[in-house]
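In the order they appear, the protein sequences are chains R and P.
Sequential numbering of the first sequence, starting at 1, is according to our numbering.
Sequential numbering of the second sequence, starting at 1, is according to our numbering.
One or more hints might be untrue.
Stated by the list, open to error - Example chain R residues on the side facing chain P (calculated, C-beta under 10 Å, incomplete):
{"hint": "1", "residue": "Q42"}
{"hint": "2", "residue": "T46"}
{"hint": "3", "residue": "L58"}
{"hint": "4", "residue": "S65"}
Stated by the list, open to error - Residues from chain R that face chain P, not an exhaustive set, calculated with beta carbons under 8 Å:
{"hint": "5", "residue": "N36"}
{"hint": "6", "residue": "S59"}
{"hint": "7", "residue": "R66"}
Derived from the structure by calculation, the hints contain no laboratory data.
Just so you know, even glycine gets a beta-carbon here, dropped at the ideal spot from N, CA and C.
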Amino acid sequence: MALERDGRANNLDELFSDLTPREWEVAALISQGLTNEEIARQLTLTPGTVANHVAHILSKTGARSRVQVAVRLVRRNGNRTAHEVLELLTRLQTLGPTDTRGALQHATEVLAAFFGADACDAFVYDAAGESLVALASSQTPLAERQRALDLHHLPLSHGGRLAWVFEQQQAFRDGSVEDDAFELVGIRHDLGVRSTLAVPFAVSAERRGVLVIRSLAPDHFGEPDLELLRFVAYWLTVVAQQHSANGTVRAAET
Amino acid sequence: MSIRGNDGPDEPSRLSRRWREILASAYELTEAQVAQDAGHVRHWLGSDEHLIAAIELRHAWNPDSELGPYFLAALRRALT
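So here's chain R without its partners, still in its complex pose:
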């Protein structure tokens, strides 16, 4: 297995062309959100053999998780519709997240990969600090740099686009962020963000925030992407309500 590849490689066709026919079968079932045991049953293999195939798939494609494999396959197949992404989120939801924070983390990973974005964050309002705080972020270099620059904690008094989205409760899309004088200098210059999609969302009646996706490329997102993100925000609200009903939201808020 060659592990030298960058996990963010974009040439999906080339990466997936290295897969064997059996690995393709396994990858297709991963993209349906199936577990090793379920895949093993479908292909009449042992779970150990399936896990071994999954490890090879991750290695060959540079993906960091089976969720990324699923997202990449869906994108490769061109199924970039609201229905498809919501179905994907829902299917993959069963794979792990058991609380609101987990659901948000899961969503940021899926969305960053799905939109080919450089970062995705779920900011939640912290009343005590009158700030927006990133409760979950994609595991991408830009998101890590954002954290290093302390841009994962945004006092509303500092202004900026996310504060605007949160206060106005309006979605926002921009493909030339460098020209947006309302945006924070840290976002425009230090991070070098060029495109932004942001929508308000609610974890609960009292706990609201902003879901934001960023790209270093200009004009990266279109109007359909904004609509899609609105759907995802709605989906997150539903998931959070389910977790709240199960009594797990408190753990996520601590």
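Knowing the structure of chain R, use the given hints to seat chain P on it.
Relative to the frame of chain R, chain P by itself:
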């Protein structure tokens, strides 16, 4: 086989971040569990049979699943 990860130079006795990600996702474990297993494998002095049994017990894997032997083989490749 290369095991170079994204978190700095290889250390023969440690599992790279990339391998932790791969094995955790492939075997439906957490990265912390994989790291702990790597430590057990590194320091194990007994037989492979007993090591596999210990791993299966730890993760509640049925021996018929063959997860234990595959996982141990993958971990050893990663630690080489």
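Hint by hint, here is what the structure shows:
1. With 10 Å as the threshold, the beta carbon of R/Q42 stays out of range of chain P, its nearest partner Cβ sitting at about 15 Å, so the hint is violated.
2. For the restraint placing R/T46 at the interface with chain P, the shortest Cβ-Cβ distance is roughly 4 Å, inside the 10 Å limit, so the hint holds.
3. Checking R/L58 against chain P by beta carbon gives a least distance of about 5 Å; that is within 10 Å, so the hint holds.
4. Against a cut-off of 10 Å between C-beta atoms, the interface hint on R/S65 holds, since the closest Cβ of chain P lies about 4 Å away.
5. The restraint placing R/N36 at the interface with chain P holds, with a minimum CB-CB distance near 6 Å, inside the 8 Å limit.
6. A least Cβ separation of about 6 Å between R/S59 and chain P falls short of the 8 Å threshold, and the interface hint therefore holds.
7. At about 5 Å, the closest approach between the beta carbon of R/R66 and any beta carbon in chain P falls short of 8 Å, and the interface hint on this residue holds.
Violation of the numbered hints given earlier is confined to hint 1; every other hint is satisfied by the structure.
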